[in-house]
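Peer 1: In order, the protein sequence lines correspond to chains X, L and G.
Numbered according to my numbering, the first sequence terminates at residue 391, and the numbering increases by one at each position without gaps.
Numbered according to my numbering, the second sequence terminates at residue 366, and the numbering increases by one at each position without gaps.
Numbered according to my numbering, the third sequence terminates at residue 602, and the numbering increases by one at each position without gaps.
Hints listed in this document are in silico derivations from the structure and should not be mistaken for laboratory results.
By construction, the Cβ of each residue, glycine as well, lies at the ideal position given by its N, Cα and C atoms.
A portion of the hints provided could be inaccurate.
Simulated DEER-style distance windows between Cβ atoms [stated by the list, open to error]: (1) 90/X with 202/G: 51 to 59 angstroms; (2) 168/L with 229/X: 35 to 43 angstroms; (3) 36/L with 465/G: 53 to 61 angstroms; (4) 6/L with 155/G: 37 to 45 angstroms; (5) 336/L with 371/X: 25 to 33 angstroms; (6) 123/L with 476/G: 56 to 64 angstroms; (7) 490/G with 222/L: 53 to 61 angstroms; (8) 306/G with 24/L: 50 to 58 angstroms; (9) 336/L with 345/X: 33 to 41 angstroms; (10) 362/L with 476/G: 27 to 35 angstroms; (11) 3/L with 465/G: 32 to 40 angstroms; (12) 364/G with 9/L: 41 to 49 angstroms.
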Amino acid sequence: MKLNTILRLTSGAFAGLLLATVQSANAFTACQVTDLGGVDDKSFNETAWKGVQDAVAKHGIDSKILESKDGTDYEPHLNSMVGAGCDIIVAVGFLMGEATQKAAEANPDSKFTIIDFAYKPTIPNVLGQVFETDQAAFLAGYVSAGVSKTGIVGTFGGINIPPVTGFMDGFAWGVAHYNKVKGKNIQVLGWDPAAKEGLFTNNFDSLDDGRAFAQNLYDEGADIVMPVAGPVGLGSASLANELGSDKLKIIGVDGDWTVTDPTRKGVYLTSVMKNMDATTLSVIEMAKSGNFSGGVTAGTLENGGVGIAPYHELSSSVPSDLAAEVEALRKGIISGSIKMN
Amino acid sequence: MKIFLKIRQTFSIDKATFLDIFIIPILATSLAITIGLLLLLLSGESYQTALRALISLFVGSFGSVSALSETLTASTPLIFAALGIAIGFRAGLFNIGAEGQIIIGGLAAVIVGFSVELPLLLHLTIVLAIGAAFGAGYAFISGWLKAFTGAHEVITTIMLNLIAFRLLDFFLRLPFIQKEGRNDPISKSVLETAELPRLLGFIDPNLRIHAGFLLAVLAVVLVYWIIFHTTIGFEFRTVGTNIHAAKYAGVNSSLAVILAMSAAGLCAGLAGASQISGVLGRATSGFSAGIGFDAIAVALLGRAHPIGVLFSGILFGALVAGGREMQVSAGVSLDLITVIQALIIIFIAAPILIKSIFPWFFPKT
Amino acid sequence: MKIELKEISKSFGPVAANTKINLSVSSGETLGLLGENGAGKTTLMNVLTGLYKPDSGQVLIKGQQREFSNPRDAIKNGIGMVHQHFMLVPVFSVTENVILGNEPTTAVNRINLKEAREKVQNISSKYNLNVDPDELVERLPVGVQQRVEIIKILFRKAELLIFDEPTAVLTPQEVSDFFMIVNSLKNSGKAIIFITHKLHEVIQICDRINVLRRGEVVGEVNPKKTSNSELAELMVGRSVNLNTKRKKIDPGNVLLKVKNLQVISDKKEKVVSDVNLKLHEKEILGIAGVQGNGQTEFIEALTGLRKISSGEISYFDTNCTNFTPRKIHQMGIKHIPEDRQKQGLINEFSLTENIILNTYYEADFSKNISLNWNNARSEAARVMKQFDVRANSESSPAGNLSGGNQQKLVIGREMSRKINLLIASQPTRGVDVGSIEYIHSQIIAARNAGIGVLLNSTELEEIITLSDRIVVFFEGKIVAELPSNTDPKIIGLAMAGVVT
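Chain X on its own, in the form it takes in the complex:
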């Protein structure tokens, strides 16, 4: 430990001297490490970052961000944030699970929060944020089944991991529920919730893939598609924009895409929202006020952590009785009277 101290002092002296000239000291700093796709992905990285920025605006704290280019960046990025003296570090995404655990265990004095990952057993300095997106996606699936003219709807994911397939499960269950209630046979392409198999782009950044996958689903007859792959879905939206929303509608994920992507707002039937900005903001506030403790928080329909966006431009294509049924379902899920599967 003695050597440790000496090394840190000597090496730190030079670095400190230089950095002192360029860094302004601030009481509290919230830091985010993004997953692949970048902070401008109009999806989960961006939504989480909005939570950090809301905290900056509200409490006048400092913020830092590191964008990951490869999966190999997670660990050094998290280490860097520890080294930069962050008071709370936001790790965005399931794929950072192992790296965050490693960093948290090596640095028990630092506080972390990770989106889409819950540790069993829990780690004292990590707060996992998970979201019951299947609840909201269930509503989206139901409304899609009601709106579809071809009787076929589709979905595809980024990678076959629970935070992605949660959306797809809920979507497929919602359609199945519609079929059961109405005695119809609306089909879901791209995901089989029982077999846990379906369509995946295997990336979170190719807009071309988003377009190609939507095109395939459209060619197979689907007129509503829910892409669950962050910015990849924007490629699907641009296809829908060219075809026209009467031919193909898109369901956004994570944020309300009508708001985040206003240039193509005509194609979004609704969005399955995962309100990471709100939960992230509240975790930062907990850390700032000293109330932070490790564990898991879950976003649900009930606490507003997940939900579906308004129908906006396409509200005319959603009959009012269908909209009312969706609202009733929402209440049923919250009360537990509706079983999703």
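Mind docking chains L and G on chain X? Use the hints.
Peer 2: Just chains L and G now, with coordinates in the frame of chain X:
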């Protein structure tokens, strides 16, 4: 200074080589950083931000023990892979396939790493050897195709890269390899006996520099010896410099091409294995992270000289580590580092440009 | 028109390339500029054509001082040069090449090809150049390409034409055609400077000869009153023995036997057919022939570089047909390849590396796979000393050496190890006079020491000087086998396929 002189003597680096492998890379990098910062200013950032970016680039790469550790950690696989590419260059081969060779080597290493139980040192040695062997085997395909069908190695290595990407995804989903409870392509973790020890872990567990860096330095010396002090290296260089003279000298150029390509793959395979054993602990679908492509730039920057590769590898590692600090401290996008790397490649591709900008460094010819 | 150079000096750093050079040439005159490689001929011409600025001295045209800052200035003043390496675009037609950079245009700025074509046609017929203005340059033989270069500078109204080593790339037939063209240019009033290091050419074609040595004019000679040896002495600075003495000695046992050899080229043509020959110890067998009559392929077949399709080669009673180059080399058959830059040496490698180019695997230079550079360096030093290779050090790159020193390096490498048979192809091509003398003496010394020598050269003079016996190649066959005292005219006819 004495130690530098000693190094120059040991590796018989003459004045021209010295300029090529030390001065030009430094000048190219400085010029690229300068232009990068000018671009930053042009994009509307304040000069304080630019200054902060510049300082954090240095602080984040060499300014502390942890910065140095990150620099050397990032440089380790680059040095391995670039050594392979340098061997290829010496033999007249342009190996674009280091990325694929890293993947295949790393994949083989990870499988042996988690599935076999062996004592500490033996397990690690076998993991690295298997990684090297599979990298070599994968590159052998391109070498063989070149020697016996004349297929150009640029084409075949690019194709083999694409195949490697898909193979990796396929293998990572096999139940035997895939991590329990996961549906995405991610492997099981290697056993502790297969991990390269962290060199400074006793000081601070966050210091990631591992024994792989020492192996990389060892590899530099070994590759230097092979290229300049063995008959095999002599044959590589003969074939690579003048194929007609090689034929006249009775060199079996097909064999030389296959050997050089396999040696290149061996080095890339080691890069993959050392990433698995020293840094990542498991394979995911993007674990090669473009190292095989960055290594091409490193080999070019190092003028295909092993000492130059070591130096440029550290320089590129410094850009990775410093670029991270730049993002954290100055809030500058990592894209700037990509721009700087691209500029460096432009400048080393056109050494005349560097020589005309900094004429006083170079003797008149 | 008279062009004069007065007291021209030009140095590069400490090296003086030209020192106070005076020379002049007038219309209707051919001036020969003779000198070894590195004597300063090229630098002087670069001054005259505006590529270099002289440190001091003047260029006078018709008595008026002119300064050229670039080659365009020089051409405007009527000075044009045909370089040793042609500057033509292969896929362009003759006319297009001629007008390139100087295109005549119509009113609306379109290239006036028709007018240009007529001009090219006129120039061609005026000087008997016989060039088709519409043919693509890549389809033309080298000799005709050279005439395109001549048309190019005549098109730009040159009054002084400078030829830099113009015959280096030409066949004997093309050389005599070229000399006719030079004379017709001269007779129509052009001034001509003819740069070369070939003695007989200046004597044959020039009206006056200036000899350059180490950047200075060391003599002006009247070609009608001089001799090869006088010129050579001026050029080299000491007396040179061009007629190397060759004692007649009796040949020894048969060393190499070639039976019905046939070689098919890459283009599936029969390039060597039915070649039979025997070579003895203590004998120099000359292969005469115009370039491109199968000699190159024949030598490649002998040395293992080219596959033999039928026939047999035996050496000391060992059948070595289609052996690898290394095996053949190991048996003591050493090869001086015709293109030392392409095959014999690696320009980028040091002299030491070149010395072990084809012996690096031998026990003297390596153990297992580890090279012994100390032995290699001392071998290099030994060869450099013994064979008079002049270089800064054994670690300088071979590409920095002059042609003569490069060739001496190759010859030294091959002759200083175990050798029974020397196959020497164009051993003195592009080599200065001093080195030619030395190389010739080494070849004869080798033969006197009991080695058999197969000498392939397109320089008939060289064949006659050195050979004990001569075979003549024509269209891939041996058309004549002649004793060395045969009249050169008869050999020349045989080279053209006419056998009496």
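Peer 1: Hint by hint, note whether the structure agrees.
Peer 2: Here is what the structure says about each hint:
In this structure the supplied range 51 to 59 angstroms holds for residue 90/X paired with residue 202/G, their Cβ-Cβ distance being about 52 angstroms. Separation of residue 168/L from residue 229/X is about 40 angstroms and conforms to the stated range, judged on CB atoms against 35 to 43 angstroms. Our hint of 53 to 61 angstroms for residue 36/L and residue 465/G holds, since their Cβ atoms are close to 55 angstroms apart. Between residue 6/L and residue 155/G the beta carbon distance is about 41 angstroms. The supplied range of 37 to 45 angstroms therefore holds.
About 50 angstroms separates the C-beta atoms of residue 336/L and residue 371/X, a value inconsistent with the hinted range of 25 to 33 angstroms. The hinted window of 56 to 64 angstroms between residue 123/L and residue 476/G is violated, with their beta carbons roughly 39 angstroms apart. The hinted window of 53 to 61 angstroms between residue 490/G and residue 222/L is violated, with their beta carbons roughly 39 angstroms apart. Look at residue 306/G against residue 24/L: about 53 angstroms separates their beta carbons, and that is inside 50 to 58 angstroms.
Between residue 336/L and residue 345/X the Cβ separation comes to about 36 angstroms, which falls inside the hinted range of 33 to 41 angstroms. Between residue 362/L and residue 476/G, the C-beta spacing of about 33 angstroms keeps the proposed range 27 to 35 angstroms intact. With their beta carbons about 37 angstroms apart, residue 3/L and residue 465/G fall inside the hinted range of 32 to 40 angstroms. Judged by the Cβ atoms, the range 41 to 49 angstroms given for residue 364/G and residue 9/L is violated: they are separated by roughly 56 angstroms.
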